[in-house]
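> Chains as they are written, first to last, in our numbering: chain A, 1 to 258; chain B, 1 to 222; chain C, 1 to 294.
Keep in mind that the hints were calculated from the coordinates and are not lab data. A few of these clues could be false.
Stated by the list, open to error - 16 Å max Cα-Cα, derived EDC-like pairs, lysine to aspartate or glutamate: (1) C:LYS85 <-> A:GLU219; (2) C:LYS208 <-> C:GLU224; (3) C:LYS7 <-> C:GLU169; (4) B:LYS64 <-> A:GLU177; (5) A:LYS221 <-> C:GLU169; (6) C:LYS16 <-> C:ASP33; (7) A:LYS221 <-> C:GLU122; (8) C:LYS257 <-> C:GLU224; (9) C:LYS167 <-> C:ASP231; (10) C:LYS167 <-> C:GLU128; (11) C:LYS196 <-> C:ASP33; (12) C:LYS218 <-> C:ASP231; (13) A:LYS16 <-> A:GLU230; (14) C:LYS143 <-> C:GLU122; (15) A:LYS140 <-> A:GLU230; (16) B:LYS64 <-> A:GLU179; (17) C:LYS196 <-> C:GLU214; (18) B:LYS37 <-> A:GLU219.
As the list claims (entries may be wrong) - Some chain B residues flagged as far from chain C (calculated, every beta-carbon gap over 12 Å): (19) ILE95; (20) SER105; (21) LYS124.
For each residue, glycine too, the CB sits at the ideal point set by N, CA and C.
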Amino acid sequence: MKVLSLYVENDTFIHKLEPITKLLYALISIVITFLFPSIMVGAVFVAFSLLLAISAKVFKRMLLLLNVVLIVLLSMVIIQGLFYRQNVTPAFKLWGLTFYKEGLLYSLLLIVRVVNMIISFGVLILTTRPSDLVDNLVQKGLSPRFGYVLASVLQIIPQMLSTTSTITDAQRSRGLETEGNLFQRFSAFFALLGPLVLNSLVEARERAMAIEIRGFSVEGKRTFVRQIPETKADRWIKISLYVAFIVAVVWRIILWVM
Amino acid sequence: MNSYDIIISMGHMCGQTKVKVLNILDGEGLYMAKNSKLTTAILVLIPVAVGINYAGKLFASALKLPLWLDSIGTMLSAVLAGPIVGAISGAINNIIYGLTTDPVSFVYALTSIGIGVSVGFLAKGKMFNNAFRTLLSGLIVALVATVISVPINVVFWGGQTGNVWGDALFAFLQSKNVGIWVSSFFDEIVVDLVDKVLCVFITFGIFKALPKTLVYTFKGEE
Amino acid sequence: MGDVSTKISIEHLTYKYPFAKNVSLEDITLSIDAGQSIGIIGRNGAGKSTLCYVLSGLIPRFFHGKITGKVTIDGEDVPTMPVEKLIRKVGLVLQNPFSQISGAKMTVYEEVAFGLENLGIEKDEMHERIDTVLRQFDLYKKKDENPFELSGGQLQRLAIASVLVLKPEILILDEPTSQLDPRGTTEVFETISQLKTLGITILIVEHKFEKLVEYVDKIALLHEGKLLGYDTAEHIFSTSEIETYGVGQPIYTALCKRMGLKKANGYYPVSFGETVALLNGLKGSGMDRRTYNG
């Protein structure tokens, strides 16, 4: 693994959208699902985000992403179903345990929100080259220095982790105890992490020098070898997202005032 | 002595964990990071800090340690370059983790920021000069992490943390009709307490072993 | 200001790193003409890298510390020169090929673009320059690959290309082959010989003397921060003191010293070619070693 990224290369409509458009969709859909304590609103966004995932041909990958939180989501249903404080109406009994309607509905609300968050961000992550997202943000005004940090972190972490196996081997050959009791294993942790930290900091210093020498600190206008174009579709999607956001906020305020 | 030798001998030094950790506690007092500008060296340090977090997590699970140990990089960057850099490292850590593994991690960026900021300020305030202070600092960091995480747990997970032991306690407290905030607080703190205190000790063990010239490179400009 | 052809002028340069006990460079004075290639040799800790950092402006911009004396390029003061100007004058290539990659770019092509983007070079010119250097360094076929997938030698060529695309007049290479295998080393040296033909002034720190002597006009010998010699390779390596500094010497020179074989000009040969020529000469003239040695 050379780059820490879940990007799936393809040529769908979603892939061709400006990264910022997809980011905006993720953010606004998340905010809206949290503004309204409604399973329906959440479900609508989950369905729409799923549709996007399918049209971008990343549905299978999306399931893998969702798999990560599956157990927590299940435990949520159990714990809230059993112990939610507003539980009054029994829904069903399982192995002698009573599940309550209020708790189950509450856990369902939490689940649609989290699932939408994962799918909407998933669409962005799975269909966008990470460096394009960063370039796009920089072209829209993010500090290039900060952009560098975001872009480099994705490649430098795998680079660092690939050296861990070298360090582990070196320490093992010196008789390092990696099994054994808890204290021995903690010592081993130190012996493994210490050299990695030192080595990476030395390399970080060299990298800083190398990019300095290539004008990283030069102020003034920058150019981009990859210009991310904003299409007509992008513009329309963005406008509709802003409108949806404003409508949602206004509606929420009206509901709240009344 | 080339750099490889230094690294290996440092690994050796670190092998005697106990001695090393206790050694950081006396001595001439820690270097204080004054931070006012994000130099290039500091910007390059941030990805490395995130990488150290990843490596910590990786080693901890490879050695079957019952903890996360995944905030050492954030803490180290805060000690080296100050609270702002600690905060940035923490935030980016969770953004990247969210982008690559687990989108839920995004919202816990706030917790990581809290860890970075608190360690940065504690280092500035010489709160790592002796064993007692370091322990106290560890407890403070754990408390900060918990206080920030609990509202996130409540909003996103109905109070759970996703950690088996913590959630078992949570379920137990909920069944005894304890309030959701209090239950969630205990859920989180049982996990954070040991983890953060250990991370703090490990961070300072490593920091003290770093050559001064290297430490100097990552210091914020005054 | 020096002679018109003087590219780099260093006068009484002394430098001490922050937190260091001793100075790393002490009262260095030397000048380098435009288009020359200079080898810098010395033991570890002799100050070779430090000198590279001063000339490329990393000292005092990146490493602070105390610097005295005068360093100029084309008559202009290096420590105070604006960065964007200095970058166009001096390029620096470091030892470790991996840590020189910016890490922010996902392809070789974009990696080369990194410096150009920083300097705000227009897109058309950017593409033209990148294409040129990629072809020049035989990396064009690799342009869409991830930099971290390249071999050590290819990475080091990428590092050189990424610096040269900024069109510096001086290129400094700090042990560019020390972490490379023989094949990578050959690749890098072939690149250096290409650069010589372009009229670029080259400074190279290198321990592989047999290679080095074939490419440089002069050698600067550093020892404990002091400049002990600055002359042609045969002068530097023919002195008897050279062995006391622990820098080593080309294997051919060591051989000829042992055998007492000198060239007609009274110096020992330093390269393979010279040694072969000398030995062939001996054979052809029918002289034996003793008579030749006088």
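> Each hint: holds or not?
Hint by hint, here is what the structure shows:
no. : hint                  : verdict
1   : C:LYS85 <-> A:GLU219  : holds, 12 Å
2   : C:LYS208 <-> C:GLU224 : violated, 20 Å
3   : C:LYS7 <-> C:GLU169   : holds, 9 Å
4   : B:LYS64 <-> A:GLU177  : holds, 13 Å
5   : A:LYS221 <-> C:GLU169 : violated, 23 Å
6   : C:LYS16 <-> C:ASP33   : violated, 27 Å
7   : A:LYS221 <-> C:GLU122 : holds, 10 Å
8   : C:LYS257 <-> C:GLU224 : violated, 26 Å
9   : C:LYS167 <-> C:ASP231 : violated, 28 Å
10  : C:LYS167 <-> C:GLU128 : holds, 13 Å
11  : C:LYS196 <-> C:ASP33  : holds, 13 Å
12  : C:LYS218 <-> C:ASP231 : holds, 5 Å
13  : A:LYS16 <-> A:GLU230  : holds, 10 Å
14  : C:LYS143 <-> C:GLU122 : violated, 20 Å
15  : A:LYS140 <-> A:GLU230 : holds, 11 Å
16  : B:LYS64 <-> A:GLU179  : holds, 9 Å
17  : C:LYS196 <-> C:GLU214 : holds, 12 Å
18  : B:LYS37 <-> A:GLU219  : holds, 15 Å
19  : ILE95                 : holds, 16 Å
20  : SER105                : holds, 22 Å
21  : LYS124                : holds, 20 Å
When the structure is compared with the earlier hints, violations turn up for hints 2, 5, 6, 8, 9 and 14 and for no others.
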